[in-house]
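J.: One-letter residues, chain by chain:
Protein chains: 2
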Amino acid sequence: MQITLKTPLDMHLHLRDHEMLQTVAPLSAETFSAAIIMPNLVPPVTTIEEVIAYKERISKATGNLNFDPLMTLFFKNDYSYDFLKQAKAHITAIKLYPAGITTNSESGVSSIDSENLRHTLEAMSELEIPLCIHGETDGFVMDREKEFVPIYEDLAKNYPNLKIIMEHITTKDSVEALDRHPNLYATITLHHLLITLDDVAGGMLKPHLFCKPIAKRYEDREALLKVALEAHPKVMFGSDSAPHPQHAKEACGCAAGVFTAPIALQVLAELFETHNKLDNLQSFISDNAQKIYHYTPSPKAVVLEKKPFTVPETYDNVVPMYAGEEIAWSITSLS
Amino acid sequence: MQITLKTPLDMHLHLRDHEMLQTVAPLSAETFSAAIIMPNLVPPVTTIEEVIAYKERISKATGNLNFDPLMTLFFKNDYSYDFLKQAKAHITAIKLYPAGITTNSESGVSSIDSENLRHTLEAMSELEIPLCIHGETDGFVMDREKEFVPIYEDLAKNYPNLKIIMEHITTKDSVEALDRHPNLYATITLHHLLITLDDVAGGMLKPHLFCKPIAKRYEDREALLKVALEAHPKVMFGSDSAPHPQHAKEACGCAAGVFTAPIALQVLAELFETHNKLDNLQSFISDNAQKIYHYTPSPKAVVLEKKPFTVPETYDNVVPMYAGEEIAWSITSLS
Chain B
1 MQITLKTPLD
11 MHLHLRDHEM
21 LQTVAPLSAE
31 TFSAAIIMPN
41 LVPPVTTIEE
51 VIAYKERISK
61 ATGNLNFDPL
71 MTLFFKNDYS
81 YDFLKQAKAH
91 ITAIKLYPAG
101 ITTNSESGVS
111 SIDSENLRHT
121 LEAMSELEIP
131 LCIHGETDGF
141 VMDREKEFVP
151 IYEDLAKNYP
161 NLKIIMEHIT
171 TKDSVEALDR
181 HPNLYATITL
191 HHLLITLDDV
201 AGGMLKPHLF
211 CKPIAKRYED
221 REALLKVALE
231 AHPKVMFGSD
241 SAPHPQHAKE
251 ACGCAAGVFT
261 APIALQVLAE
271 LFETHNKLDN
281 LQSFISDNAQ
291 KIYHYTPSPK
301 AVVLEKKPFT
311 VPETYDNVVP
321 MYAGEEIAWS
331 ITSLS
Chain C
336 MQITLKTPLD
346 MHLHLRDHEM
356 LQTVAPLSAE
366 TFSAAIIMPN
376 LVPPVTTIEE
386 VIAYKERISK
396 ATGNLNFDPL
406 MTLFFKNDYS
416 YDFLKQAKAH
426 ITAIKLYPAG
436 ITTNSESGVS
446 SIDSENLRHT
456 LEAMSELEIP
466 LCIHGETDGF
476 VMDREKEFVP
486 IYEDLAKNYP
496 NLKIIMEHIT
506 TKDSVEALDR
516 HPNLYATITL
526 HHLLITLDDV
536 AGGMLKPHLF
546 CKPIAKRYED
556 REALLKVALE
566 AHPKVMFGSD
576 SAPHPQHAKE
586 ACGCAAGVFT
596 APIALQVLAE
606 LFETHNKLDN
616 LQSFISDNAQ
626 KIYHYTPSPK
636 AVVLEKKPFT
646 VPETYDNVVP
656 MYAGEEIAWS
666 ITSLS
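In the order they appear, the protein sequences are chains B and C.
When the first sequence is numbered by the numbering used here, its final residue is 335 and no position is left out of the sequence of numbers.
When the second sequence is numbered by the numbering used here, its final residue is 670 and no position is left out of the sequence of numbers.
Excised from the complex, chain B in its bound form:
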């Protein structure tokens, strides 16, 4: 059995910087046409110069792999209309982090409400710059995303011309909010389609499956699977592939993030095939995102075949999901 995926897009990707960038950027660039690049470096990407410089470092790391890094700014509430107008030529979206909610988000926004952010959000609406949000409160870990849904809805209602992307959604509540507001969209990761908290902490504790937002309940995973498999038009694939060195994962305090970039397409093929929905994978992996972001990628085709592939134990010092395990699908050619 074979499938050809045209111009796969990863609408939520962490490439980091320095050595890690050299390790992981080529792995995404090989199989994806483009990706939304998250700006939570240390320090975060907040100026046009930083965007341009980071994009250059990514392009250098990915060489001639025909990969388009879609850049983002780290949301700051003091971005002016004029600044954003200039920035628009260099970025695809702006990413908003609640302060301290995940890796390198300390300088995020501490009070998110529609009034507080009016100046910047009105400018973004007018300039048609999409707003990507990591939607979690600082509440109890299993409730953080659920508690954020009213904040998404407040923003969606107050800025009807702003495209808001609920990033890496993990709960039934978020899925349900999608259809209540025309300007709410969502990315879904690979791992949240596959695991629940039981996989992270139900048997042995699995640091390599620990991520933010944390994997939730079975009913949440079901709700995510449903909209992904049907390729709901407001839903896009965003891996949130988030590499950390092995020593930072298998440690006294383990960093959040699952590294899925090099196995995402293969495992998605397996998942969609298992549910008899292979026909919908093209929309989930690229077409929906193209429409939502008004983006046309340059041509790329990935041929996948149902043929076992043993996932490497590590890519340099990064442990991928399914490390050392056999998965059912392989990539057989790229063009």
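I should point out that these hints are in silico values taken from the structure, not numbers from a laboratory.
Please note that a few of the clues may not be correct.
Claimed, not checked - List time: in silico EDC-like cross-link candidates among lysine to aspartate or glutamate, alpha-carbon distance up to 16 Å:
| id | chain 1 | residue 1 | chain 2 | residue 2 |
| --- | --- | --- | --- | --- |
| 1 | B | K234 | B | D179 |
| 2 | B | K206 | C | E585 |
| 3 | B | K172 | B | E222 |
| 4 | C | K423 | C | E457 |
| 5 | C | K492 | C | E450 |
| 6 | C | K541 | B | E250 |
Guided by the hints, dock chain C onto chain B, whose structure is given.
T.: Frame of chain B, contents of chain C only:
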């Protein structure tokens, strides 16, 4: 500020075997008069000979520290009345594990209901051998204990003369069940009085706080704190101190268990003092258990003082709770 605790008892303790036993047994024996010793060795302790031999190994490891290991058998549904009658001279209780629910519990009971276990439970009732239970189903990790409460209640109703100890309870539901049945009792650990899932997985992932049952929600911790601080007469301290070598905790798959034995009394003193309940600590740490188990320990007195103590980073290769941190109370003398 000082407090003297008489004959502290740890009503739920893992001492393991071999080298680990040599490391951890003296640490408990130094400050506790006695402890209920869990039987989940590999293979589990299921014969009188094994009980006697394990007790001898413990006594050898604790030397002249004036410590009474209260032995348990690993529950098997084929224990006969005659066997149990013989065993009674050597054990204090029998510990029931649902199959596969925690460390070394693979040979536990796969179907727990009052009819299925009638033969053994009637014998235990008649012989007045308490039944200690690890009460978790194989459901979703956050629901396992809640789902087990009806099983506790079924057993309590059907065996009114059987003393049932709900071990290491972690939820509001379990606390509430305590008062509905005269023959239900509970142990509570130190760590479940202190942490919630937020401490394990809300920031960085903390393998040294990963245990079974997993720490729950704030309202659960509040319910546990309430009955511990008031020294509810059906509640006893049981540390569930469960050592694993550091490499088994900071690993790709981390074993369940928090190692608290050497700091339990100091941190309990701090906790009870903070809540202005120091007067109740003696009941929680010893008197309640003496009444519930009809057990009189040989004299021991531990003097604690409000004076900072820096917890060692490790005890041999075992990382304790609060490793390297300063806690507010110290043990100043033992007699």
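J.: If you test the structure against every hint from before, which numbers come out violated?
T.: Those not satisfied: there are none.
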